[in-house]
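Residue numbers (our numbering), protein chains in the order written: chain C, 155 to 545; chain U, 155 to 545.
There may be inaccurate statements among the hints.
For chains that are exact copies, the list does not tell them apart, and a pair is met inside one copy or across any two.
[To be verified] Computed list of lysine-lysine pairs in BS3-like fashion (alpha-carbon distance at most 25 Å, straight line):
(1) K425 / K286
(2) K174 / K288
(3) K497 / K421
(4) K425 / K393
(5) K174 / K393
(6) K286 / K319
(7) K497 / K425
(8) K497 / K170
(9) K286 / K170
These aren't lab readings, by the way, just hints derived from the structure by calculation.
Number of protein chains: 2
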Amino acid sequence: MKGLFAKLVEIGNETKALWKDDPRRVIHALKLGLTLTIVSLLYYYRPLYDNFGVSAMWAVMTVVVVFEFSVGATVGKGLNRAFATLFAGGLGAGAHHLAALSGRVGQPIITSIFVFLIACTLTFMRFFPSIKAKYDYGMMISILSFSFVSISGLRDDEIFLLLQKRVSTIFLGVCVCLIISISISPFWAGQDLHNRIALNIEYLALFFEGYGSEYFKTLQDREANKDENFSQSYKSILKSSGIEDTLYNFARWEPGHGCFQFRHPWKQYLKIGALTYQCAFRVDALHRNLSSNFQLSQEIRAEIQEPCMEMSMESGKTLRKLVSSIREMNQPTQAEIHIHNSKAAAKKLKASLKSSRMWENCDLLTLIPAATIGSLLIDVVDCTEKIAEAV
Amino acid sequence: MKGLFAKLVEIGNETKALWKDDPRRVIHALKLGLTLTIVSLLYYYRPLYDNFGVSAMWAVMTVVVVFEFSVGATVGKGLNRAFATLFAGGLGAGAHHLAALSGRVGQPIITSIFVFLIACTLTFMRFFPSIKAKYDYGMMISILSFSFVSISGLRDDEIFLLLQKRVSTIFLGVCVCLIISISISPFWAGQDLHNRIALNIEYLALFFEGYGSEYFKTLQDREANKDENFSQSYKSILKSSGIEDTLYNFARWEPGHGCFQFRHPWKQYLKIGALTYQCAFRVDALHRNLSSNFQLSQEIRAEIQEPCMEMSMESGKTLRKLVSSIREMNQPTQAEIHIHNSKAAAKKLKASLKSSRMWENCDLLTLIPAATIGSLLIDVVDCTEKIAEAV
Numbered sequence: 155m156k157g158l159f160a161k162l163v164e165i166g167n168e169t170k171a172l173w174k175d176d177p178r179r180v181i182h183a184l185k186l187g188l189t190l191t192i193v194s195l196l197y198y199y200r201p202l203y204d205n206f207g208v209s210a211m212w213a214v215m216t217v218v219v220v221f222e223f224s225v226g227a228t229v230g231k232g233l234n235r236a237f238a239t240l241f242a243g244g245l246g247a248g249a250h251h252l253a254a255l256s257g258r259v260g261q262p263i264i265t266s267i268f269v270f271l272i273a274c275t276l277t278f279m280r281f282f283p284s285i286k287a288k289y290d291y292g293m294m295i296s297i298l299s300f301s302f303v304s305i306s307g308l309r310d311d312e313i314f315l316l317l318q319k320r321v322s323t324i325f326l327g328v329c330v331c332l333i334i335s336i337s338i339s340p341f342w343a344g345q346d347l348h349n350r351i352a353l354n355i356e357y358l359a360l361f362f363e364g365y366g367s368e369y370f371k372t373l374q375d376r377e378a379n380k381d382e383n384f385s386q387s388y389k390s391i392l393k394s395s396g397i398e399d400t401l402y403n404f405a406r407w408e409p410g411h412g413c414f415q416f417r418h419p420w421k422q423y424l425k426i427g428a429l430t431y432q433c434a435f436r437v438d439a440l441h442r443n444l445s446s447n448f449q450l451s452q453e454i455r456a457e458i459q460e461p462c463m464e465m466s467m468e469s470g471k472t473l474r475k476l477v478s479s480i481r482e483m484n485q486p487t488q489a490e491i492h493i494h495n496s497k498a499a500a501k502k503l504k505a506s507l508k509s510s511r512m513w514e515n516c517d518l519l520t521l522i523p524a525a526t527i528g529s530l531l532i533d534v535v536d537c538t539e540k541i542a543e544a545v
Numbered sequence: 155m156k157g158l159f160a161k162l163v164e165i166g167n168e169t170k171a172l173w174k175d176d177p178r179r180v181i182h183a184l185k186l187g188l189t190l191t192i193v194s195l196l197y198y199y200r201p202l203y204d205n206f207g208v209s210a211m212w213a214v215m216t217v218v219v220v221f222e223f224s225v226g227a228t229v230g231k232g233l234n235r236a237f238a239t240l241f242a243g244g245l246g247a248g249a250h251h252l253a254a255l256s257g258r259v260g261q262p263i264i265t266s267i268f269v270f271l272i273a274c275t276l277t278f279m280r281f282f283p284s285i286k287a288k289y290d291y292g293m294m295i296s297i298l299s300f301s302f303v304s305i306s307g308l309r310d311d312e313i314f315l316l317l318q319k320r321v322s323t324i325f326l327g328v329c330v331c332l333i334i335s336i337s338i339s340p341f342w343a344g345q346d347l348h349n350r351i352a353l354n355i356e357y358l359a360l361f362f363e364g365y366g367s368e369y370f371k372t373l374q375d376r377e378a379n380k381d382e383n384f385s386q387s388y389k390s391i392l393k394s395s396g397i398e399d400t401l402y403n404f405a406r407w408e409p410g411h412g413c414f415q416f417r418h419p420w421k422q423y424l425k426i427g428a429l430t431y432q433c434a435f436r437v438d439a440l441h442r443n444l445s446s447n448f449q450l451s452q453e454i455r456a457e458i459q460e461p462c463m464e465m466s467m468e469s470g471k472t473l474r475k476l477v478s479s480i481r482e483m484n485q486p487t488q489a490e491i492h493i494h495n496s497k498a499a500a501k502k503l504k505a506s507l508k509s510s511r512m513w514e515n516c517d518l519l520t521l522i523p524a525a526t527i528g529s530l531l532i533d534v535v536d537c538t539e540k541i542a543e544a545v
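Starting from the given sequences, assemble the full structure and let the hints guide the process.
Right, dumping it as structure tokens:
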């Protein structure tokens, strides 16, 4: 009994966490409930299970299957479902007609061959990457519709009536879904993609802004005053690499909305996302150096502190400017000066590493982390420049 | 006309590539076609669209929707579909009975409220990560079944008859799917996961075995004799990090097969996979150093060549032993000696970096890559040791 209660509390906490993490989830659930109720009521007063009324059931089914979180996903699934039913249904009617010509004995054989061939072909087509990205669901519905129509024992005119009813019900279902999805606080996959890319770059900026001063703190300072916030956020970039592709596939289905037009260059976001990911790799390496708690000797610190801090700061500033120019959707002209500064700092570091003689008296092992950080930061400067070009 | 022909040739080539890449795709398509044909024939001689015969349609639908590539995915979807239909259908019958008590006016209102509440709750529950991983499809089918049953205009006894027919048809469909899926060249997600993890470690081993000698080649040698093979394969590890989670979720549904028992510790594979991924990060950094074409001076080379090559070779050997002990499923006792060797080499490198005075006369910039490689390889030795512990 006590275990059950603890379990309930746990579920409650998890629910609250899910809600707080993204309140849109609750809104989505309410929207789906509303849509389903509307469609059910539309069909409530019709007898649902009489001969052709069966197709009315498809409206309810369409809502449950097609209503997705983002508008793009809903449009994609809805169009896939409607057109796949239409075309594959037509094809199935043709196959049914052909099979019927061969008489009572030949008909099941011919039909089976048709079903087998279509099912094999379409299933294999689902493995093509370009089809999988946009039309996977449509392929499945095509197999379904073709089988339904071609194995049905109906006359040709009955089939056309059935098909017409079914397609129109599905269209109605999709339309209700889209109206509710767009009119009540719409969630655009494109907007999500845009925000996520900007947020990821902001995480990187946050890291670089904090990194320089954190690294050159003394060990005592660092422990007294642990500020791990700046160094944790970038990790979500490394975890979320697949989500952008999904959002991109949905965003391509979306009509123009907000400040995005139809056929907005969504692909560019993927490019920026990939570069951000690359940069997060380097950040991860830098962070591992930080947490190894290796103490620099005074001399080395004096030598590299200034250019390293400047590179880190200027990279952070560049990224911040990029974030704001992505958010406001203008050319990142303000970022150029910071790129220039960070490049200058990188040059300075290289020169000081080249000329300095002070290294001679110190242990080479203490040098490794400094050298690593130097080269990583130089890498990062390159990376930010590429991101700036892509914006 | 010519453009069309070129397009066709392109599609032909792509098809061939897909086939060669994994011939199982063709077999899967044939299997699905066969299953669908069998189920269609079972129902061909029954009138498909008479009053209760509608539920026969569900067998065809079940095959198309449930038949997935791996056995695990098929079992998961099939069980989800069958049990969700059973439970939600029962719940729907209860709701329908309750609503009917309130008379002709109250019934649609009560039913709508029930549908709304259930749809909202289950949709929100789909966001729970633990439910999403295993029961996402079941939640969707539950909403569907509940709506169908509760809004139907049937009498209670008719509902029970309908439900019984539908659930038994779905069970029949799932059983045919499973029989075909398991009896004709089954594709086990667990086996896939096992192979993929072993292959990934083998890619790492391949890299380390080639890396040492490749890095210490002179620039001329390297260009004359480009061997990029060993350095490309590891990249697939970085790209495929999501696939393992999917396979893991499927593998949990699978009964014992081959040398795997039911409840095989699949989670352990995810752990090894994550470590392999970490190690591939380092490999990526090492590879970037290689492609930067930085030439080492003679002295530095002489100093670090031996321990570095040994670390790389021994890490490679350790990983190879781990691969073979994963493949043969025994304890990796043979790997221990190589781990020991690579640790010794790492120690040697550290010592020689510490003691050597020869660095004093050379440019520090040329030192950075050497130092980086040294520290990365030391990291890698740690990594391989952790992988060995996890196996």
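A quick look at each hint next to the structure:
In this assembly of identical chains, K425 and K286 lie within 25 Å of each other by CA distance solely inside one copy; the values are 21 Å within and 29 Å between copies. For the identical chains of this complex, K174 and K288 are inter-copy neighbours only, at 23 Å across copies versus 32 Å inside a copy, given an alpha-carbon limit of 25 Å. For a Cα distance limit of 25 Å, the shortest separation of K497 from K421 qualifies neither inside one copy, at 28 Å, nor across copies, at 46 Å. Proximity of K425 to K393 under the C-alpha cut-off of 25 Å is found in both arrangements, the shortest distances being 17 Å within a copy and 15 Å between copies.
Taking the closest pair of Cα atoms, K174 and K393 come within 25 Å of each other only inside a single copy of the chain (20 Å); across copies the shortest separation is 31 Å, beyond that limit. Within a single copy, K286 and K319 get their C-alpha atoms no closer than 29 Å, and across copies no closer than 34 Å, so neither meets the 25 Å cut-off. Taking the shortest alpha-carbon separations for K497 and K425, only the intra-copy value of 23 Å comes in at or below 25 Å, while the best inter-copy value is 40 Å. With identical chains, the CA atoms of K497 and K170 are never at most 25 Å apart, being 46 Å at best within one copy and 48 Å at best between copies.
Proximity of K286 to K170 under the C-alpha cut-off of 25 Å is restricted to the inter-copy arrangement: shortest distance 17 Å between copies versus 35 Å within a copy.
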